[in-house]
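Asker: Could you build all of it, start to finish, from the sequences and the hints given here?
One-letter residues, chain by chain:
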Amino acid sequence: MNVEKMLLKCQFEQWLYDEAQLLDDIEFDDWFDLMHSSLHYQMPVRVNKEGVERPDYSTEMFTFNDDIELLKLRVDRLKTDYAWAEIPPSRTRRFVSNVRVKDYVEGEKAVVKSYLLIYRSRSTDIQHDLISGERNDEFIFEEGKWKLSKRIFIVDQSTINTRNLAIFV
Amino acid sequence: MLKTEKSLEEMSKQQVVDYLNETVKPEEGVIPAYLLGDPKVYDIEHEKVFLKTWVFIGHDSEVPNKGDFMTRELAGYSLIITRDAEGEIRAFYNMCTHRGMKLCRADKGNKSLFTCPYHGFNFKNTGELVGVPLQKDIYGGNLDRSEMGLHKVKLESYKGLLFGTWNENAEPLEEFLGDIKWYLDILVGRAEMEVIGVPQRFVVNSNWKVGSDNFVGDSYHTMVTHGSIAKLGMVPNATYSKRGFQIHTDNGHGLNLGTPNPDFAFPEELKDEFKTNLSEEQYGVLSNLKNMIGNVFPNLSFLISHTKIKDQFISNTSIRMWRPIGHNKMEVIAWMLVEKNASQDWKDRSRDSFILTFSPSGIFEQDDTEVFTDITEAAQGPMPFLKNLTYNYTMGLHREPVDFIGPGVAYDDKFTEASQRNFYKYWLELMTK
Chain L
1 MNVEKMLLKC QFEQWLYDEA QLLDDIEFDD WFDLMHSSLH YQMPVRVNKE GVERPDYSTE
61 MFTFNDDIEL LKLRVDRLKT DYAWAEIPPS RTRRFVSNVR VKDYVEGEKA VVKSYLLIYR
121 SRSTDIQHDL ISGERNDEFI FEEGKWKLSK RIFIVDQSTI NTRNLAIFV
Chain F
1 MLKTEKSLEE MSKQQVVDYL NETVKPEEGV IPAYLLGDPK VYDIEHEKVF LKTWVFIGHD
61 SEVPNKGDFM TRELAGYSLI ITRDAEGEIR AFYNMCTHRG MKLCRADKGN KSLFTCPYHG
121 FNFKNTGELV GVPLQKDIYG GNLDRSEMGL HKVKLESYKG LLFGTWNENA EPLEEFLGDI
181 KWYLDILVGR AEMEVIGVPQ RFVVNSNWKV GSDNFVGDSY HTMVTHGSIA KLGMVPNATY
241 SKRGFQIHTD NGHGLNLGTP NPDFAFPEEL KDEFKTNLSE EQYGVLSNLK NMIGNVFPNL
301 SFLISHTKIK DQFISNTSIR MWRPIGHNKM EVIAWMLVEK NASQDWKDRS RDSFILTFSP
361 SGIFEQDDTE VFTDITEAAQ GPMPFLKNLT YNYTMGLHRE PVDFIGPGVA YDDKFTEASQ
421 RNFYKYWLEL MTK
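As you go down the protein sequences, you meet chains L and F in turn.
Anchor point for the first sequence: position 8 equals 8 in our numbering, and the numbering is continuous, going up by one each time.
Anchor point for the second sequence: position 41 equals 41 in our numbering, and the numbering is continuous, going up by one each time.
Please note that the accuracy of each hint is not assured.
[As the list claims (entries may be wrong)] Listed next, the in silico DSSO-like pairs over lysine-lysine satisfying Cα-Cα at most 30 Å (straight line):
(1) L:Lys150 <-> F:Lys310
(2) L:Lys72 <-> F:Lys25
(3) F:Lys66 <-> L:Lys49
(4) L:Lys49 <-> F:Lys108
(5) F:Lys340 <-> L:Lys49
(6) F:Lys136 <-> F:Lys102
(7) F:Lys48 <-> F:Lys25
(8) L:Lys145 <-> F:Lys310
(9) L:Lys72 <-> F:Lys242
(10) F:Lys108 <-> L:Lys113
(11) F:Lys66 <-> L:Lys79
(12) L:Lys150 <-> F:Lys347
(13) F:Lys329 <-> L:Lys49
(14) F:Lys347 <-> L:Lys72
(15) L:Lys49 <-> F:Lys231
(16) F:Lys308 <-> L:Lys79
(17) F:Lys111 <-> L:Lys49
(18) F:Lys310 <-> L:Lys79
(19) F:Lys108 <-> L:Lys150
(20) F:Lys347 <-> L:Lys49
(21) L:Lys49 <-> F:Lys159
(22) F:Lys308 <-> L:Lys150
(23) L:Lys150 <-> F:Lys124
Treat the hints as calculated values from the structure; they're not laboratory data.
Answerer: Right, here's the structure in full:
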């Protein structure tokens with residue numbers, strides 16, 4: 001890996017770390033500002049296939065399948081007094097790793113893959129939930145900033161072991 | 001005052017059953033909290049409810065082609081559901097008859113032969129044992145393969161809904177469903193329906209009965225638990241959920257029917273198909289339907305929901321099973337169904353409205369699971385038993401049923417707990433039989 005590629009990787013790592021911090025700090029408006037208006041935010045349902053047949057996730061059913069408008073609705077909802085699923089908010093910690101820049105056009109677009117591990121703690125419960133998976137992200141460069149235009153989160157469980165996804169992946 | 005009698009843990013099974021008879025009083029609206037927290041009650045439930053009644057296992061559109069299969073659970077035991085070369089659907093216990101290894105470990109697929117990973121015994125999707133490695137050599141011609149077919153599980157279907165039971169003496173499925181069939185026709189018999197993709201699955205630390213109770217008759221919670229939805233303008237106002245009818249039928253089934261609806265909630269272009277499949281009365285209900293939330297005893301809940309998303313009304317139809325994993329844990333399995341002949345645009349919008357509202361990320365569902373978890377936690381351990389903690393199910397006890405166009409006992413708005421009392425009445429009947 002040459003220096004140029006290292007800097008590039010570092011740039012998107014930093015973006016993902018900053019994003020993780022905004023979500024963990026429940027700064028949803030600032031997080032939402034990172035999204036591009038053409039956003040497609042998707043989390044397919046993972047399936048348990050017998051062999052190496054791929055993809056091993058559904059191409060028809062999703063746990064998230066939002067555009068910018070639906071994502072905005074979720075963020076707005078969390079700000080009502082009735083979003084019980086996150087009252088009080090979960091304590092989350094997002095660990096981002098294995099960042100790889102797959103495609104890059106300077107000042108235009110990028111495709112980045114990364115791994116994500118979310119630790120979630122609710123209320124006084126001493127049990128925690130772990131959500132693990134791979135993010136397949138696409139970015140568009142707009143007004144001097146990288147904006148997320150597509151995220152496909154491939155979760156590592158076919159039965160999700162958390163009471164809900166009132167949190168973002 | 002603390003009790004001096006035995007704890008549930010010290011009681012014999014018969015004593016627990018007697019104690020249930022004494023303390024569970026659905027007709028008076030008294031349901032003790034220990035029903036949601038006691039492992040012994042859960043064990044008796046497994047034997048007397050889940051091994052006795054019909055339990056939902058899937059929809060026939062999930063195995064549409066010859067050779068398709070899927071694995072499901074029936075009362076905690078894995079099943080293989082197959083469609084053979086003639087199109088017949090069967091269910092088998094997912095266990096090799098030689099040494100008991102789990103035969104199939106995928107969710108679904110297409111194949112006509114299942115090979116055991118242990119010794120390579122081969123079973124056809126009709127259940128027959130067709131191959132045993134080195135059979136002649138090692139069994140000397142004495143192995144009767146015809147005696148070693150897979151254990152067949154009793155399976156019956158209604159309007160595409162597949163149910164199984166371990167009880168060889170179970171009444172026919174249609175008898176068990178009884179009058180709820182009239183409403184299931186509207187749910188899944190109104191048109192040719194198909195499951196979109198695969199079901200959503202997630203685990204909630206909740207007793208399964210909390211889910212059934214919520215769907216069988218609790219529209220009252222919508223005002224508060226789902227208050228955010230009204231705030232976002234997706235439903236008319238916080239009290240919209242009261243309007244309509246609550247209906248219950250024999251064997252613990254029940255539903256809430258939200259009506260009227262100024263808009264037609266289903267694909268307009270399929271009106272002829274709906275009219276062909278439904279009676280005039282059923283079509284009348286369908287045309288005015290705002291929502292339909294119910295439960296087929298014990299743990300199959302269903303829903304038609306009509307909401308406004310991006311300034312456009314759209315409905316979605318789903319069924320969900322509260323699959324018990326333990327006295328305080330369940331797996332929620334949610335299938336989304338749509339009219340097969342609907343336009344692709346309708347199917348996509350309907351699916352996305354389901355995902356947005358009822359799925360692990362659903363903005364209705366996520367608030368429910370928060371409540372389910374905390375109710376279950378508060379019911380755990382010996383204290384709720386010791387202190388006789390009970391829930392109040394008396395809402396609407398003073399009311400008389402009304403005439404309704406469909407069968408069952410109906411009340412003329414949804415805010416009553418008659419359906420929940422009916423659910424627990426049948427539950428108690430089975431538990432103490």
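Asker: Sort out which numbered hints this structure fails and list those numbers smallest first.
Answerer: 2, 11, 15 and 23
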